[in-house]
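Enquirer: Position chain B against the provided structure of chain A, taking the given hints into account.
Protein chains: 2
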Amino acid sequence: MTNTDYLIIGGSAAGLAAGITARQYYPDSSITLIRKEENVVIPCGIPYIFGTLDSPDQNLIPDAPLHNNDIDLVIDKVEDIDKEEKCVKTSSGEVFSYNKLIIATGSSPLEIPIPGVDLENVFTVEKDLDHLNKMLDAVEEATDVVVIGGGFMGLEFADECNKQDDTNVTVVERLPNVLQLACDEVISDKVEAKLMEHGVNVLTNTEVKEINGDESVESVSIGSGDVLDADVVIMGIGVKPSVDLARSAGLKTSGKHGIWVDDFMRTSDEHVFAAGDCAGKRGYPSGEARAVRLASVATTEARVAATNLGGIRQRMEYPIGIFSTKFGDLAVGAAGQTEKDARKLGIDILTTEASACDRHPGKLPECTELGVKLIFAKDTGLIIGGQAYGGSSIGEMINFIGALIQHKMRADEIFTFQMGTHPLLTASPVAYQLTSAAQKAAAELSNSRR
Amino acid sequence: MTNTDYLIIGGSAAGLAAGITARQYYPDSSITLIRKEENVVIPCGIPYIFGTLDSPDQNLIPDAPLHNNDIDLVIDKVEDIDKEEKCVKTSSGEVFSYNKLIIATGSSPLEIPIPGVDLENVFTVEKDLDHLNKMLDAVEEATDVVVIGGGFMGLEFADECNKQDDTNVTVVERLPNVLQLACDEVISDKVEAKLMEHGVNVLTNTEVKEINGDESVESVSIGSGDVLDADVVIMGIGVKPSVDLARSAGLKTSGKHGIWVDDFMRTSDEHVFAAGDCAGKRGYPSGEARAVRLASVATTEARVAATNLGGIRQRMEYPIGIFSTKFGDLAVGAAGQTEKDARKLGIDILTTEASACDRHPGKLPECTELGVKLIFAKDTGLIIGGQAYGGSSIGEMINFIGALIQHKMRADEIFTFQMGTHPLLTASPVAYQLTSAAQKAAAELSNSRR
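Protein sequence lines correspond, in order, to chains A and B. All letters in the first sequence, in the order written, are residues 16 to 465 by our numbering. All letters in the second sequence, in the order written, are residues 16 to 465 by our numbering.
Next up, chain A with everything else stripped away, as it sits in the complex:
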């Protein structure tokens, strides 16, 4: 039996972040991380294996941070957690006892009950190197690829597969718009147009009825009655938390929501924490269960969990959800509530938009239009959501908007915010998109109260 102070199960983003954090907060402790994969795939990087990167091997999480932080790495599969004895048993028969345990077992692809999902060359997206190599071979040989699901992962797959020579790609999305769970039309419309400009066929408001073929997939039947040719089908419809291990151990779990955790990321056993896709989440702003299964949220939860290993120091806030992606020269981002969702929740809102070049003067080369849409609660003036489109600066711009939401800023505080501006890096200070959009909201809210 190996004794360790802090044991982590899972080596993806959450497990790794938990290990690094535990080392920083508990410099003298022994930390062990057990994972089943020899090599760990970067989850968000998977679509880029199919176009931009040369092979799955280029999309691996390095082990250097584990070694640099003196974390014992064990490649093995945990079969059982004994929470009374505070130990785990692995496939190879090893036993590891712990003082505290963090479960970071992640998630696996959702399966939908469409006839034909078991045909050859119908792929879910597994974070597994062999699976991805097989999938890549199939895509490289395919003439027609159908992606089911127009969320972030589905669209990224579509845009990347479309970079293969002589490959036709179609995305099929059940909802009226792509990215609908995270964005309003201001973003969805631009993304749909950009993908179509790239030659991707985007079908929204479209149900998949059946996947057809003999041994291997040959076509996909959709709601309109049309049949789409398909040598490869990729299911990009989301993930479900991996809770089997936790459930067998007697921890409180839900197959849909994940392992139950409190605000400190503790499970129903005070010595066991959970973090990442396997852990339950409560959504901003209402606190109801919401599946924000993002690597960024996973690492935040892992940091909170690891900080609390030696005593409660940190609380996990409701994930507001900060998304970003890029298709060709168009980057988009979203944070917090969409207009649609806020209205559904019954929040009385005000939305404003502003756009301008991302350099000034506009005569400078490489100017790209950057636009934002901000969503405010009318009664308080608080920002509750924001979306942005533009060039490569969108990744940080949406984090900036996320900070405003998380820190509960009002429209009048944002419009008098002292942003920095520079000709080569941002819009002019007069036209700066965030302050301009906030100013419209602040003026309208202020005048409506006079």
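Be a bit skeptical, because a hint or two may be false.
One copy or two, either will do: identical chains are not told apart, so a pair holds if it fits within one copy or between any two.
Claimed, not checked - 25 Å max Cα-Cα, derived SDA-like pairs, lysine to any residue: (1) Lys378 / Asp152; (2) Lys271 / Ser112; (3) Lys178 / Glu381; (4) Lys393 / Glu332; (5) Lys423 / Pro300; (6) Lys455 / Ser107; (7) Lys423 / Asp278; (8) Lys92 / His82; (9) Lys209 / Pro380; (10) Lys271 / Met16; (11) Lys378 / Asn84.
By construction, these hints were calculated from the structure, which means they are not laboratory data. Small disclaimer: the values here were computed from a predicted structure and weren't measured.
Expert: What follows is chain B alone, placed relative to chain A:
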């Protein structure tokens, strides 16, 4: 006599932002903007006239926002403000009466008493089209350009002039590092190296003794005893507030600090506001006078002033100062206190750094190293400063850091901040620079208290 509700003097960033804001908050008012220039130069864009842009005409503030916001534009020079009668008189003999007045007269270049400053082809940087055209002609013909001052404007001039064929450029800076008033060595060293890589000669710790020549400049004598060849000298050493008009009107002013204003941007006369470079400033965090004369601060002040025209609604916070710039592929930014300044103020601080690629995996093309340095007050854990270097996302990254400072976030709040990450737009969630640097600080602060 023309009667107007709200009169604005000055048509640069502050005047324009004041006009737009006044229109949004006071939709039914009459607004008049008087400026002396037919065309208004974009101040921050001036250096780019000398390399990246084709001519000064490409660097003008458009008048469309004035027309679109129904603001009466008068091209004329205000000679006198009569604050008892609440009216102004112009060079052409016109009289405009106002209900409230905003003075946004800006600044003019500082002059330093070096022998030879009056020689031909020794230029200060005036926001004037004729002056800039003359300066551009001289630079285009020059073989040797010497820039005095290694602040943002000076370095931008140097890097741009260096893009002219067969032109040697030298920057002379009195202090030990370039950008020293805004940045620590982590930034200054990288900028100096980048400029030298571009072929710019950077001399720090170097005093200018004399500018030599007969009619036109021929050389510059520096402290070491060396003499630098020079056909053109550019003085990039800062600005002084333009307060003559306000002083003549009997408003409280200081030649160094500018027109005195309260926290609502009101001058010593309750009907007169001032905003932008001409207005006095108090610096973050101590509130002492500090010359943060940036277009971004100017527009924030203008927004506050204009919002308050019809009654006090907004307070101006101390400008923390958010700077950014770019030299070739290196962008840098700084916000709040530097380590040096914080130590000078006697603040007990903790600094941490983190760097990573700005994409993930690092095998993706176009990866650029992005690094941050964060400065925390030890007793409270509050972030009081931050600096960053990297690619084009630095413009928004430093605004993000600025938001954290302005909103008084602690290290532990930043390290558990839910940033969004994306392979093509940011570092990985495990390596994300801001959270990583904050985590080091949070762990150290937390452990030091146990």
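Enquirer: Would you mind marking each hint as holding or not holding in the structure?
Expert: Going through the hints against the structure:
| no. | hint | result |
| --- | --- | --- |
| 1 | Lys378 / Asp152 | between (45 Å within a copy, 20 Å between copies) |
| 2 | Lys271 / Ser112 | neither (29 Å within a copy, 69 Å between copies) |
| 3 | Lys178 / Glu381 | both (24 Å within a copy, 18 Å between copies) |
| 4 | Lys393 / Glu332 | both (23 Å within a copy, 24 Å between copies) |
| 5 | Lys423 / Pro300 | both (11 Å within a copy, 22 Å between copies) |
| 6 | Lys455 / Ser107 | neither (63 Å within a copy, 36 Å between copies) |
| 7 | Lys423 / Asp278 | both (19 Å within a copy, 23 Å between copies) |
| 8 | Lys92 / His82 | within (20 Å within a copy, 69 Å between copies) |
| 9 | Lys209 / Pro380 | both (21 Å within a copy, 21 Å between copies) |
| 10 | Lys271 / Met16 | neither (34 Å within a copy, 73 Å between copies) |
| 11 | Lys378 / Asn84 | between (49 Å within a copy, 23 Å between copies) |
The structure does not agree with the numbered hints 2, 6 and 10 stated previously, though it agrees with the rest.
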